[in-house]
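K.L.:
Sequences and hints are given; from them, build the entire structure.
Quick note, the sequences are listed as chains E and Y, same order. Counting in the working numbering, the first sequence runs from 917 upward without gaps. Counting in the working numbering, the second sequence runs from 917 upward without gaps.
Check each hint, because a few of them may be wrong.
No distinction is drawn between identical chains; accordingly, a pair holds when it is met within one copy or between any pair of copies.
Unchecked claim - Below, simulated DSS-like cross-link-like pairs (lysine-lysine); rule was C-alpha separation at most 30 Å, straight line:
(1) K1224 - K1038
(2) K1038 - K1214
(3) K1051 - K1280
(4) K1006 - K1195
(5) K1021 - K1092
(6) K1253 - K1021
(7) K1056 - K1372
(8) K1038 - K1280
(9) K1044 - K1280
(10) K1253 - K1163
(11) K1157 - K1188
(12) K1280 - K1021
(13) K1092 - K1195
(14) K988 - K1163
(15) K982 - K1163
(16) K1021 - K1056
(17) K1346 - K1332
(18) K1006 - K1224
(19) K1253 - K1195
(20) K1092 - K1346
(21) K1214 - K1188
(22) K1021 - K1224
(23) K1056 - K1346
(24) K1092 - K1038
Hints in this document: simulated from the structure, not taken from any laboratory. Being a predicted model, the structure only gives us computed values, none of them experimental.
Protein chains: 2
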Amino acid sequence: MTSQANFRYVSLADEIQASIMKGIFTPGEKLPSLRNLHNQLGLSISTVHQAYIELEKRGKVEAREKSGFYVKVLNENPLCRPAAEKGIAKPCRVVVNDLAETIIKDLQCDDILQLGAAIPSKELMPLKQLSRIMKSLPAKILQDHIANYDLCAGNLDFREELSKRMLGFAGSITSKDIITTNGCLEAVTLCLRAVADPGDAILVESPVFHCFLQLIEDLNLYVIEIPGCPDEGIDPETFKKAISSNKIKACLLNSNFQNPLGSVMPEENKEKIILIAEKYNIPIIEDDIYGDLFFGEKRPTTFKSMDKTGMVLYCSSFSKAIAPGLRTGWTVPGVFKNTVIRMKLNTSISSPGINQAVVARFLKTGAFDRHLRQLRNRLKTQASALAIAISKYFPADTRITFPRGGMFIWVVLNEKINSMEIYQEACQEKISILPGLICSSSDRYKNCLRINCGLKWTHRLEQGIRKLGQIVNRHALCNS
Amino acid sequence: MTSQANFRYVSLADEIQASIMKGIFTPGEKLPSLRNLHNQLGLSISTVHQAYIELEKRGKVEAREKSGFYVKVLNENPLCRPAAEKGIAKPCRVVVNDLAETIIKDLQCDDILQLGAAIPSKELMPLKQLSRIMKSLPAKILQDHIANYDLCAGNLDFREELSKRMLGFAGSITSKDIITTNGCLEAVTLCLRAVADPGDAILVESPVFHCFLQLIEDLNLYVIEIPGCPDEGIDPETFKKAISSNKIKACLLNSNFQNPLGSVMPEENKEKIILIAEKYNIPIIEDDIYGDLFFGEKRPTTFKSMDKTGMVLYCSSFSKAIAPGLRTGWTVPGVFKNTVIRMKLNTSISSPGINQAVVARFLKTGAFDRHLRQLRNRLKTQASALAIAISKYFPADTRITFPRGGMFIWVVLNEKINSMEIYQEACQEKISILPGLICSSSDRYKNCLRINCGLKWTHRLEQGIRKLGQIVNRHALCNS
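P.N.:
What follows is the structure, encoded as structure tokens:
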């Protein structure tokens, strides 16, 4: 190969890479065929091929057998990650509900671009299968579900399927260990009420999932926020310090792909955290709702799988991984089972059985695993495309997390920018975001915002990010 | 007519009446035709007819055009009513949950005769219509329900139908005033949490619906029990005294066909109660779940219909009047709406939309009124048959309430008899009852029990009452 040809394939690779980084080619998109580029650029097929091989080495594209070259779904963050925060944990009262009310009202506007929500696009849900299963339920079974209060612990078929599914990431759980709930949030509510009384302090990872804060406020609890690192979540040493220097009644943690940071605690850290919590006899309420949505090779593990004393109250739901409208959540509350089931009985007797039966049948078909594979790929692609678009349209000093699973990108703007103002202006443009102010009892995230990666990557979505970028850029100019 | 003929028709009437009182002919049952009795007894058709006319005058049978004579569904209690209790109202802690847990476990046994529950027989529910509606939901609508979190306030169609239905007994309620819930108990839970904090005292009618007590215990509230009269519920004077001499945060009342007494407060008393509550600025949480199940001519009215200040938090559900498995409850929380909706949002986001949509469609067809008419007749007949059977099989000093609607007969045994022992022995015989101990924070109803009138009157049910009577008689003998 001559040196000129050598130069040519490298420069072509550079050009294509630049286009990828600018979002001209989006993650998962098929690149032009060898023959096309050969015709278009007048380069030899071999040079074009060399360029693709070079890009493959650089980790930017991937070859798919008999199909061609595709933009690789990114694993790496194109922008720098925010540094882990250092804070001193103190119990605080929470006042976020008024803000939450405003945000939710805005979210219900027609035609708003739901970047502030935590929902996947409809296209990513197995709606046809679910509605087919519901429609084909034998009349007798349907009528039984309508006629009877289901067991307070929940539909038995559903619990049996859940116990099979949890094997491998949550330990050996039998259907008797499980209580089904109206979504994950009811599971968390019942567990919190089972372990804590008004005035008690609850430890959480910060920035915090805003619904946790809203609930903590409603239940008259205090919150202790431990800053999370976008990669690894909360640090066991910091955790230990907080636990030993405060009277903490329970921990409430997203174990995998934390909302909003996307952090996943490494297995060894989870083990350390469990040991510390056990030593201080503090229950861990574990919300694993995003655990199935991993972008890597392997589903991350859970606190529950390491739980030897029954002090972990595992909570989850299919609202993110299947569909939210069926409200199929559950909890495995360990030694608190009797208290949780009593709380459930006394607040609502039981949840509707039909929805649980439908999801049980869906799980039984084996279609869930196929669906999950597809969903994970799509979410990963969408998250990559969003990350690239943010890098393209937002000011250069913007920092984002690139999640390894789950549904969010956490955006840290220049600290002079107030994301509540961005939120308000974005609302005018029919774009919702989640302002960082609602993710803490303090105002420490007032320059941050959370973006939903659940939406299908479309021109409208890209235009939305562009508009958001324009708003942020305007504020950056005003503040400079 | 000769005096002998005169004598004969009276003695025949006496005989038939005795058979009715013994339960040989049950309320609603068709009596033998004139021709049959004429053939069977060798009496003239005219004498048999005279006897039936006599029984009609006595209020025991009713003629139905072109059909014959039927045992009248009783409006009167065959036994004497328990006297209204006189008690001094004081706030108390409640400890009933352990007992509740045992009772619920027993209720879940296979093949148990559910006299302790509060459910109608399956045959009384419009199951075919509901399952047909569910199966015929257009796929697109079904998929929309599966895909989306419904509005936190609940499905709009359902709320619109509810607002139409409530006209006439709950005032002019718009869909915006309504929040749907997972059954009535969730409505009550949210309302209680919205108006009261741990340590506050809640006024209730006594004997108390046990789930209210369980919930009050869970929420760390105190209870103040005002004894109810089986006819008229709580007395406004007693109510006023309790309110003026205690710090009461809210009232929680079954306004119609109270569980377990079956009492209905007369309209003028409701008005007095409302005025007193308004004067002291005390919210009334009104549970009207049995309001549609009146045995008389007219649906009784509600506190909500008299509510001028928005201090009434109306709660209800279709668990008794349609079917419990769909979990379609709702609340109209007046001025507390924002707090209630926030509590709902933060505990479970929203309830499943499909079930609400199905009930909305059922209401829209107009079939509900036809269904209700039938259900009310059946419940009335069943309650009468149960009352007669109790009078036949229980000791003579047994007193019962005969309800004017709703689903229960409250049985007061000789005060030496402990209904917990009856409960335990009945469980051995596969019969569940609700022991009175669970209906108060005190043990004042320990000789009482509640019987479910929702079950279809069958031979098995009569045998169950007979067995119960035998158990009670045995205890009466031991104690005499």
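K.L.:
Taking the hints in turn, state whether each one holds.
P.N.:
Evaluated hints:
1. For the homomeric pair K1224 and K1038, neither the shortest alpha-carbon distance inside one copy (39 Å) nor that between copies (44 Å) is at most 30 Å.
2. Taking the shortest Cα distances, K1038 and K1214 sit within 30 Å of each other inside one copy (25 Å), while across copies they are farther apart (48 Å).
3. In this homomeric assembly, K1051 and K1280 come within 30 Å of each other (Cα to Cα) both inside a single copy, at 17 Å, and across copies, at 21 Å.
4. For a Cα distance limit of 30 Å, the shortest separation of K1006 from K1195 inside one copy, 21 Å, qualifies, whereas the shortest one across copies, 43 Å, does not.
5. With identical chains, the CA atoms of K1021 and K1092 are at most 30 Å apart between copies only, with a shortest distance of 14 Å across copies and 39 Å within one.
6. In this homomeric assembly, K1253 and K1021 come within 30 Å of each other (Cα to Cα) only across copies, at 15 Å, whereas the closest approach inside a single copy is 35 Å.
7. Taking the shortest Cα distances, K1056 and K1372 sit within 30 Å of each other only across copies (20 Å), while inside one copy they are farther apart (39 Å).
8. Both within a single protomer and between protomers do K1038 and K1280 lie at most 30 Å apart by alpha-carbon distance, with minima of 22 Å and 29 Å respectively.
9. Taking identical chains as interchangeable, the C-alpha atoms of K1044 and K1280 lie at most 30 Å apart whether they share a chain (16 Å) or sit on different chains (27 Å).
10. For a Cα distance limit of 30 Å, the shortest separation of K1253 from K1163 inside one copy, 24 Å, qualifies, whereas the shortest one across copies, 35 Å, does not.
11. In this assembly of identical chains, the alpha carbons of K1157 and K1188 lie at most 30 Å apart only when taken from the same copy (13 Å versus 59 Å across copies).
12. Proximity of K1280 and K1021 under a CA criterion of 30 Å is satisfied inter-copy only: 29 Å between copies versus 38 Å inside one chain copy.
13. When the C-alpha separation of K1092 and K1195 is checked against a cutoff of 30 Å, the pair qualifies only within one copy, where the shortest distance is 27 Å, while the shortest distance between copies is 50 Å.
14. Taking the closest pair of Cα atoms, K988 and K1163 never come within 30 Å of each other, the shortest separation being 48 Å inside a single copy and 68 Å across copies.
15. In this assembly of identical chains, K982 and K1163 lie within 30 Å of each other by CA distance neither inside one copy nor across copies; the values are 61 Å within and 79 Å between.
16. When the C-alpha separation of K1021 and K1056 is checked against a cutoff of 30 Å, the pair qualifies only between copies, where the shortest distance is 25 Å, while the shortest distance within a copy is 41 Å.
17. In this homomeric assembly, K1346 and K1332 come within 30 Å of each other (Cα to Cα) only inside a single copy, at 24 Å, whereas the closest approach across copies is 72 Å.
18. Only within a single protomer do K1006 and K1224 lie at most 30 Å apart by alpha-carbon distance; the minimum there is 29 Å, versus 45 Å between protomers.
19. With identical chains, the CA atoms of K1253 and K1195 are at most 30 Å apart within one copy only, with a shortest distance of 21 Å there and 44 Å across copies.
20. For the homomeric pair K1092 and K1346, the shortest alpha-carbon distance between copies (24 Å) is at most 30 Å, but the shortest distance inside one copy (46 Å) is not.
21. For the homomeric pair K1214 and K1188, the shortest alpha-carbon distance inside one copy (21 Å) is at most 30 Å, but the shortest distance between copies (67 Å) is not.
22. Taking the closest pair of Cα atoms, K1021 and K1224 come within 30 Å of each other only across two copies (28 Å); inside a single copy the shortest separation is 43 Å, beyond that limit.
23. In this assembly of identical chains, the alpha carbons of K1056 and K1346 lie at most 30 Å apart only when taken from different copies (26 Å versus 46 Å within one copy).
24. In the homo-oligomer, the alpha carbons of K1092 and K1038 lie at most 30 Å apart only across protomers (27 Å), although the nearest pairing inside one protomer, at 33 Å, exceeds that limit.
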